[in-house]
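Asker: Chains A and B are the protein sequences, given in the same order.
Residue numbers for the first sequence, in the numbering used here: 199 to 311.
Residue numbers for the second sequence, in the numbering used here: 133 to 245.
One should not assume that every hint holds.
[Unchecked claim] Below, in silico cross-link-like pairs of lysine-lysine (DSBU-like), each with a Cα-Cα straight-line distance of 35 Å or less:
| id | chain 1 | residue 1 | chain 2 | residue 2 |
| --- | --- | --- | --- | --- |
| 1 | B | Lys189 | A | Lys269 |
| 2 | A | Lys254 | B | Lys145 |
| 3 | B | Lys189 | A | Lys252 |
Honestly, the hints are just simulated from the structure, not real lab data.
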Amino acid sequence: DQQVKQNSPSLSVQEGRISILNCDYTNSMFDYFLWYKKYPAEGPTFLISISSIKDKNEDGRFTVFLNKSAKHLSLHIVPSQPGDSAVYFCAASTGQGAQKLVFGQGTRLTINP
Amino acid sequence: KAGVTQTPRYLIKTRGQQVTLSCSPISGHRSVSWYQQTPGQGLQFLFEYFSETQRNKGNFPGRFSGRQFSNSRSEMNVSTLELGDSALYLCASSLVAGQHEQYFGPGTRLTVT
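Using the sequences and the hints given, assemble the complete structure.
Answerer: Pasting the structure below:
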C-alpha cells in the first residue's frame, strides 16, 4: 500500500523553463510534506517543505504547492538549471511520530541545455 | 559543519552473516533515523532513536535492530542476512526528536551474496 505516489518516473525539461514535479498521497493524517533531491552516490538533500496549514511555500527558485482536497502536492522549479538534474523524492509525515517519513518512489528530472 | 557520516560506504556479506553499520550525526543533532532504499520498495523507514531510546519503528522483521550511544552516534545491525537485504542504508539526523526536516548521510551500500 503506497501512501505517497510519484507517478512520473522521469521528466525532461529544457534549461530555463519550468519543471513541475507531482506527488499524490492517500493518508489524510499526513500533515507535513517535504521534497528531497538526490544525486547518485549521495544521500537525499532536503529542499523545501510545507505544513498542511499552508497551500504554498516558496524558497528561491523552488515553490511547493499543496492541494489538501485533492491530496496532491507539486514542486515547481523556475528557472530550471542543469544542476537541478537529479532524482526528486516527495515525503510525508504525520504529527504523531513526525520523524517517520514516508517517501514516494522518486522522479528523475533531466534538464537539457 | 560536517554532515552526517556513515561507515562503511560499501559492504559485501554472505547470506546468514550479520552486519553492523555506523552513523555519526551532524554535530549537535540528537535524533537519528535509519532508512532502507531498494529499487523495488523505494525509501522505507526502519527506526528512529533519540536520547539512546528507540522512538519509532518501521515494518521490518526483528532481524533489524539498532541502538544509539550517549554521543548520539548510532549503529544498526542486521542478523541472518538474506539476499533481499541488499540495499542502500541511509542514516538521517535532526536536532531533536520529531523534527520533520532530516539531513541524510551518503549511505552504506550493502550487497548480500
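Asker: Would you mind marking each hint as holding or not holding in the structure?
Answerer: Taking the hints in turn, this is what the structure says about them:
| no. | hint | in the structure |
| --- | --- | --- |
| 1 | B/Lys189 with A/Lys269 | 25 Å, holds |
| 2 | A/Lys254 with B/Lys145 | 46 Å, violated |
| 3 | B/Lys189 with A/Lys252 | 29 Å, holds |
In summary, the one numbered hint that this structure violates is 2.
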